[in-house]
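Colleague: One letter stands for each residue in the lines below.
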Amino acid sequence: KNQVEQSPQSLIILEGKNCTLQCNYTVSPFSNLRWYKQDTGRGPVSLTIMTFSENTKSNGRYTATLDADTKQSSLHITASQLSDSASYICVVSALMDSNYQLIWGAGTKLIIKP
Amino acid sequence: DAGVIQSPRHEVTEMGQEVTLRCKPISGHDYLFWYRQTMMRGLELLIYFNNNVPIDDSGMPEDRFSAKMPNASFSTLKIQPSEPRDSAVYFCASKLLGTGGIGELFFGEGSRLTVL
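If you read the sequences in order, they're chains Z and A.
Numbering-wise (this note's numbering), the first sequence opens with residue 1 and increments by one.
Numbering-wise (this note's numbering), the second sequence opens with residue 1 and increments by one.
To be clear, the hints were calculated from the coordinates, so they are not data collected in a lab.
Here the structure is a predicted model, which is why all the values come from computation and not from measurement.
There are no misleading hints in this set.
Covered stretches of chain Z, as calculated for chain A (at least 3 residues, CB under 8 angstroms):
(1) 45-59
(2) 99-106
Listed below are several chain A residues computed to face chain Z (Cβ distance under 7 angstroms; list not exhaustive):
(3) Gly-42
(4) Leu-43
(5) Phe-91
(6) Glu-104
(7) Gly-108
(8) Glu-109
(9) Gly-110
Backbone N, C-alpha and C define an ideal beta-carbon position, used for all residues, glycine too.
Full structure from sequences and hints, please.
Modeller: And the structure:
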């Protein structure tokens, strides 16, 4: 069964600290993986996309990694800021029956405290 | 472009009433998605369209839900009759397919529905 699991479910850290969010998937055939950031009361916004051949990709203070062998991805946030408080959702795309299907994780709720 | 536009942002209604949610996708995007989000179940795909044609509606919970896309710039999601368990945030999203299916979803701000 195609699934995406994220951990931890929630995380509280102090401003300025680093953190790492995890995403494990059992999706096949794998096409790509995206991380979305969802601020409270807003729609999700894409942070980065990882394709099969990519191991690491950075977007400012956000760095995503992908290990296609172990089917794991992580999102590392460096020097956290209050504006990083949000839910972070991992979504994996799979090509099935000639259509790309998206399998969404439940998200990690991150709270940054001053 | 103004992004994906949804209306209303908030809707409070009584059980049994009809609810219509509206969406204007980003111009030029060929895919449109309707999602429902709750604390318990996260984001759930209800239905999606390609070039105005419904492709997969297997996520529509019951016959009370229906969606239409009469043209490339407008879509509606209707619930009739509404029930308290339909209370959720409903998101519309659009995208271009992109090479290898990597097109990014652009979400609207959502419509928060409360059914009393």
